[in-house]
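Asks: Quick mapping for you: the protein sequence lines, in order, are chains A and B. FYI, the numbering for the first sequence is 1 to 113, going by the working numbering. FYI, the numbering for the second sequence is 1001 to 1414, going by the working numbering.
Everything labelled a hint here was simulated from the structure, so no lab data went into it. Among the hints, a few may not be true.
Said to hold, decoys possible - Ranges of calculated distance between the beta carbons of each label pair, as one might list FRET restraints: (1) A:S9 <-> B:K1288: 32 to 42 Å; (2) A:Q93 <-> B:S1382: 48 to 58 Å; (3) B:R1026 <-> A:Q93: 53 to 63 Å.
We treat Cβ as the ideally placed atom computed from N, Cα and C, and that holds for glycine.
What follows is each chain in one-letter form.
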Amino acid sequence: MGPFLCTTSDVPEGGRKSVQPESLPELVVCNVAGTFYVLAATCSHGEASLAAGRLLGCELECPLHAGRFDVTTGGATRRPAKKPVETYQCVEQDGGLYLTDAASSAASASQAA
Amino acid sequence: MTEVKERINPPLDAPDAAEEQYRWNRRYPELGTGPITTDRFLSEEHFERERKLVFGKSWLNIGSVHDFSGNGSFFVRDIAVLDVSLLVVQDEQGTVRAFHNVCSHRGNKLVWEKSGPCPYLFACRFHGWGYKQDGALASVPDEGEFHFGSDDKNPGKDGLGMVPVRTEVWKGFIFVNLDASGTDSLAEHLGPLGESLKDFPFDALELRHRYDVSDEANWKVILDAQNEIYHLPMLAPLHRFLGGGAFATNEDGYTRLLDFERLGLHTVFTSDSDIEWVDTPMRTAVAKAHPDGGLTTLPIRGPFVFHVLFPNMVLGFLGDFMFTYNVWPESVDKSVWEIRMHFPRPDTLADRVIHDLMKVRFRDLLCEDVTGHAALQVGLKSRARDVFVVGDQEVQIRSFHQNLDEYMERGNRG
Ligand code: FES
Ligand code: FES
Ligand SMILES: [Fe+2]
Chain A
1 MGPFLCTTSD VPEGGRKSVQ PESLPELVVC NVAGTFYVLA ATCSHGEASL AAGRLLGCEL
61 ECPLHAGRFD VTTGGATRRP AKKPVETYQC VEQDGGLYLT DAASSAASAS QAA
Chain B
1001 MTEVKERINP PLDAPDAAEE QYRWNRRYPE LGTGPITTDR FLSEEHFERE RKLVFGKSWL
1061 NIGSVHDFSG NGSFFVRDIA VLDVSLLVVQ DEQGTVRAFH NVCSHRGNKL VWEKSGPCPY
1121 LFACRFHGWG YKQDGALASV PDEGEFHFGS DDKNPGKDGL GMVPVRTEVW KGFIFVNLDA
1181 SGTDSLAEHL GPLGESLKDF PFDALELRHR YDVSDEANWK VILDAQNEIY HLPMLAPLHR
1241 FLGGGAFATN EDGYTRLLDF ERLGLHTVFT SDSDIEWVDT PMRTAVAKAH PDGGLTTLPI
1301 RGPFVFHVLF PNMVLGFLGD FMFTYNVWPE SVDKSVWEIR MHFPRPDTLA DRVIHDLMKV
1361 RFRDLLCEDV TGHAALQVGL KSRARDVFVV GDQEVQIRSF HQNLDEYMER GNRG
């Protein structure tokens, strides 16, 4: 199991939360109807944290220019955003949310890049 | 009638050239990279110079032959910035002439109607002097009581026709020039822009919709705001959504001009369409139901082509229709934005439906722009900044302001 992200009760249904696990980029945890999704928080378009944006169904909206991303795939769904953001696998255990091992190594790799 | 078929001109540059940084500055280094002053949008003195040296001297588009109801008809065009009213007449033979809409007797505004078929004579409402379609004074009630002479000081009836204004027609567009002592022809004014459109099948298009928008902004604010596509992915929902059909963005989501050219006093830019763009469900459904509808393709260089005809006209093509703008200043911070949409004559009902869909789409997009124009004027008016900056993807704006300055300098020298 990878690093701890947050407790599941920190992110109610329809909510999103910024998390900053050590030596990883800022991530955003989204709760869509009870399922948790984790994405890289920095918008692919400009300098903004998606964690400060609105979660609309399964779309996370950038607070800067209102580009949107499908949290289930990371794909950009509305302009001006075009490039996807990275998504990460997570697991739930005892009320805590953790990155999977594979996800955390991918994340540190992309952080290093 | 001219056949309208495929696009005949391929894009001028390889698409990847669009990614070259400062591409337009490299092509037109004479435009520089400096900022543009705020004052030119606000100062009464600058406005007065534009009035005299630009609007008072340049060829101006005041409408098109579509504004007539046929041979033997007229329309009246008031130009607030020049304090003139013009009577524009297409005679029985189709010749177009413009006159000052002023009676030679004591100066009454001659025709008060906006448009219509030519009356027997254009009769003044005050004392009934009557003028023919060619402007000649034909009837003077109680003529015997006037001391008509025969020279300039005391003209006779021959010298008391309506005062003509220099008028020329290009591709159905009517232009006037209020500088009676000017000698340049419309062809000279249009220069390479006229050349570049000389084979365009304008006669295949008809005027279908018109909007006259009262806009709380300097005329150049409006023109500049339309004369760039940097704002397309950002300004408002319809811009970013519907714009995709005609505006390609690079992988970072920023628009890139496909091409930009300076054509004498005028400019043209083109844009390519976004290959990933998905049309609205409505438009897709209509296309499915009418596979043959709206297939007419105008011979243009891309899905969006935008010509700025100096000083205040835009001639643009979006997909398969043509639009024109005329931005008329009324005062330094108030203008009228005239929008005209021209479509190919519809062959089927489906064509008509598709055209109407394009019309409402375009109209709604421009509503977002109008709000933007007023907001720009508010910001400039605060004079919080003396200058503002423009990027390389807004090179059109740079070019326009430089042309304007040079034109006024030339006019000042006489
Ligand atoms: S920074 Fe997110 S859409 Fe522009
Ligand atoms: S970003 Fe262009 S005017 Fe503000
Ligand atoms: Fe716009």
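Asks: When the structure is checked against the list of hints, which entries are broken? Sort them ascending.
Replies: Of the numbered hints given earlier, the structure breaks just one, which is hint 1.
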